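By our numbering, the letter at position 204 of the sequence shown is numbered 204, and the numbering carries on one by one without gaps.
If you are wondering where the hints come from, they were derived from the structure by calculation, not from laboratory data. In this text the structure is predicted, and so the values were computed from the model without any measurement. Any given hint could turn out to be false.
[To be verified] The calculated lysine to aspartate or glutamate pairs, modelled on EDC-like cross-linking and capped at a C-alpha distance of 20 Å, are: (1) K153 with D180; (2) K254 with E211; (3) K153 with E106; (4) K254 with E118; (5) K153 with E323; (6) K254 with D180.
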Amino acid sequence: MTATTGPGAGTGDASSRPLLPVATARRCSRWLLEALRGRPLTTTATLLAATGAAAATVVPLYMFGRLIDEIRAGAGGATVATFVAVIAVAAVVAGLLTGVSSYLIEVLGGSLLARLREQVVARTLRLPLGTVEKAGKGDVLSRVGDDISVIDKSVGEVVPSIVSAALLVAASLVAMAGIDWRLAIAGSLAIPVYVLALRWYLPRSAPLYAEQRVAMGARSQALIGSIQGRRTVRAYGLEESHLREIDRASDRAKLLGITVFSLFTRFAGRGNRAEFVGLALILVTGFALHSNGAITVGAATAAALVFHRLFNPIGLLLYTFDEVQSAGASLARIVGVIDIPDPPRATNAAVPEDSSLELADIRHSYDGREVLHGVTLRLEPGETVALVGATGAGKSTLASLAAGVHVPDSGSVRIGGVDIAGFGDTVRRRVAVVSQEVHVFSGSLIEDLRLAAPDADETRVRRALTRVGAQEWVEHLPDGIDTQVGEGGHELTTAQAQQLALARILLVDPDVVVLDEATAEAGSRGARELEFAAAAVTNGRTALVVAHRLTQAERADRVVVLGHGRILEEGTHDALVAAGGGYARLWAAW
């Protein structure tokens with residue numbers, strides 16, 4: 001079972017779409033804290049290992065300063081050897097703890113990322129179709145795809161370095177204060193310069209990163225919408241306008257990337273200025289204190305080395321702000337999806353009188369052009385109606401409206417006298433749709449089918465497979481019904497994937513079924529098999545079939561011929577052939 005992606009989806013101007021919500025920084029922080037609280041042992045162990053690594057990293061610098069003073073005082077070889085041994089042991093311990101902390105950080109980050117993935121995918125699958133269509137599939141896919149990838153990269157490459165750098169900065173400041181509080185104050189005077197650099201950079205960069213993520217979503221929407229609506233795009237001669245829209249979206253994403261990088265290079269220069277100020281103050285203060293006999297040469301040297309050791313971690317903290325902000329913008333977009341509330345459930349669920357399907361005065365536009373012009377059509381309970389017509393006639397658009405995938409600009413869609421919107425999240429138990437573009441999910445074949453009916457036992461699943469003619473080839477799979485299919489599993493043919501989609505319909509057991517060219521991609525031999533399967537699915541149900549092959553129309557109870565968004569002819573196959581009109585000519589050509 002799959003939602004159709006026919007021409008009603010459209011692309012439109014991606015920048016004018018009402019995008020899905022974006023979470024605030026406070027909400028993202030709360031999400032992170034809640035996730036960390038759920039893993040107390042790993043979080044504690046990670047902090048202890050990272051803190052120990054930072055402390056051990058500073059020890060050799062401190063001991064080196066002490067060693068200088070001992071040598072100046074005439075210390076012997078044994079004393080020097082002792083200091084060298086301490087420095088060597090501290091370096092080894094720092095290396096080991098750094099490795100352990102990096103591993104723990106990646107483990108912790110990986111578990112948080114897994115939770116984030118699960119939550120956003122679960123929420124995305126529950127989003128109302130109308131919400132997805134209004135925002136555009138590009139916005140949704142860029143969040144569960146591009147944004148997750150950005151965070152994944154940060155978790156694996158950036159976060160471990162940032163945590164280590166932040167703790168090393170803290171340990172270094174403590175060490176400098178331990179050497180001499182005046183040296184610590186001198187070094188800390190560089191902080192305002194860093195702060196000024198950040199205050200210049202952050203207000204300018206944060207909106208740009210958020211805008212860049214939106215631009216990437218708009219670019220995805222322009223590409224995906226044009227590809228999915230390619231038949232209608234070609235039928236209405238909209239290729240050039242769609243290519244221009246793709247170019248505009250791509251150029252905007254590219255120019256934002258250039259602007260962000262240019263801003264970052266200017267920020268790096270301000271960071272170097274702060275390094276110069278801090279080290280200069282340390283050296284001047286150390287010289288003055290030593291001249292007055294307040295500190296030793298070794299203490300001044302150790303303080304300078306500790307501060308110089310801060311160049312890399314502070315630079316890492318500053319210069320990874322672009323990646324941190326990009327990841328933060330991505331996290332805000334993902335948490336924004338997770339926080340989308342479920343639509344209110346109807347307290348009094350609407351109950352249809354029967355399984356009739358009625359489309360009344362339907363009007364719908366695509367890319368600002370009306371493609372359905374006041375179409376009215378009624379299907380009686382249990383009746384199968386075939387939609388035929390040339391490409392661009394509006395067949396797939398009408399089918400998607402009938403299935404509740406899209407909402408018409410005007411007019412109404414009713415099942416058993418009840419507006420389709422009144423069924424809420426139970427609509428898929430009333431009407432189900434299969435298009436020519438189906439998906440085989442990763443996992444065992446039986447679990448793939450149970451996505452439609454989680455409570456279905458093996459007997460029920462096998463019965464559905466038998467009815468669509470799939471049982472024979474399923475039995476010949478390596479592990480039968482438990483064979484792994486989808487990505488990384490056994491590859492199914494197009495016809496077999498469509499049979500699975502039709503079997504899901506039988507498991508859902510809806511009142512109304514919509515088949516949108518569900519046999520179009522299977523080839524001649526596969527189409528015959530799928531027509532048999534489609535007949536099993538439509539038997540006893542109200543069915544609207546977008547007929548790719550006129551043999552489907554021949555077997556239907558009624559045929560409706562669409563042309564330029566209007567009903568041109570309507571009647572039984574035999575009556576329309578006898579009438580000698582457009583359908584008769586199509587049949588003769590067929």
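For each hint, the structure was consulted:
1. K153 with D180: violated (40 Å)
2. K254 with E211: Holds. K254 to E211 sits at ~12 Å (cutoff 20 Å).
3. K153 with E106: holds (11 Å)
4. K254 with E118: The hint is violated at about 31 Å.
5. K153 with E323: holds (9 Å)
6. K254 with D180: Violated - the C-alpha atoms of D180 and K254 are around 50 Å apart, more than 20 Å.
The earlier numbered hints that this structure contradicts are 1, 4 and 6.
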